[in-house]
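Novice: Each step along the sequence shown adds one to the number in the numbering used here, with nothing skipped, and position 124 is 125.
This list has only true hints and no planted wrong ones.
Below, a list of computed lysine-lysine pairs in the DSS-like style, where the Cα atoms sit at most 27 Å apart:
no.	residue 1	residue 2
1	Lys311	Lys92
2	Lys58	Lys42
3	Lys308	Lys134
4	Lys239	Lys152
5	Lys239	Lys191
6	Lys239	Lys132
In case anyone wonders, no lab produced these hints; they're calculated from the structure.
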Amino acid sequence: MQLRRFITLIGLAALGLAFAQQQTLTIYSGREQSLVEPLVKQFQAETGIRVQVRYGKDAQILAALQEEGSRSPADIFWANTAGALGQAASKGLLRPLGDTLLRQPLAFVPVSKAWVPVTVRLRVLAYNPQKLKPEELPASILDLPRFAQEKGLVGRVGWTPTYSSFQDMVAGMIALYGEGRTREWLSAMKALNPKSYASNPAMLDAIRAGEVDLGSTNHYYVVRFRRAGYNLGLHYFKDGDAGNLALVTGAGILKTSKNLVAANRFLTYLLSPKGQQYFAGAVGEYPLVKGVVADAHLLPLEEALAKSPKLDFEKLPLDQALRLLRELGIL
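Could you build all of it, start to finish, from the sequences and the hints given here?
Specialist: Put into structure tokens, the structure is as follows:
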């Protein structure tokens with residue numbers, strides 16, 4: 002009997018391995034390929050689950066998911082920002098998640114319980130310390146256009162209007178200051194004749210090379226450039242300012258998913274010590290589970306979060322921000 006039971010267990014294990022190897026988990030990712038592909042490959046190697054990733058901007062992915070409807074092959078929406086995840090939840094695209102997943106993150110667990118927060122970043126101002134002194138930089142992002150005009154920086158400011166984190170920041174400005182004030186700010190920024198970049202690394206490389214002198218970005222890009230030995234300044238605005246907006250990455254399982262077991266394993270992996278340490282070490286983001294060591298050069302998570310405005314990150318008016326950016330000819 003024991004031998005027969007042993008053989009049965011071996012057979013079940015082999016079937017389980019074969020099942021894992023046959024699965025293909027399809028992820029629609031708003032996270033950049035260069036940032037997360039190593040972690041995806043690590044997950045594949047450790048689980049035997051094949052992963053197919055379609056990369057794009059959060060807004061593009063949301064549009065694609067709505068167009069595909071019930072025909073979508075996607076199992077997971079892995080977003081760059083909470084605003085996009087909130088949109089997906091409000092449109093009924095995501096499945097509710099269980100408490101086993103949702104009780105792990107230290108912060109930003111959404112009321113909808115339709116997605117899980119994975120990491121957090123802060124918007125900051127990156128600048129060339131050879132051209133600008135930290136004590137002269139503005140206290141609010143609202144003052145950035147005036148500051149740039151006074152310092153003769155017309156044509157010397159960079160921005161990334163097609164990037165989802167920038168769009169979420171604009172949505173945060175609308176939530177904090179209203180659409181009218183945000184429209185004025187965008188118009189004043191546009192009058193500076195800023196140089197547009199498709200990505201944050203491209204903009205920071207332009208600051209390093211002297212093409213532009215400053216630009217709003219996510220903190221971890223500055224961390225990565227500094228690790229590479231480049232001299233870039235990092236400026237926080239006053240506490241509660243939209244220029245310091247905390248941006249939450251996260252992931253949810255789509256209602257179209259046909260691989261629920263694999264999808265849950267992937268979300269669990271993102272919140273595992275190994276997954277979280279990857280984000281902290283290789284990317285420079287803040288981890289959101291206990292026991293993971295963040296970059297020693299960063300502010301402690303509690304101090305960083307105190308700099309961000311207190312908003313419902315799941316309900317950022319992203320559609321309103323995109324409409325405003327299009328109306329002003331920025332997108």
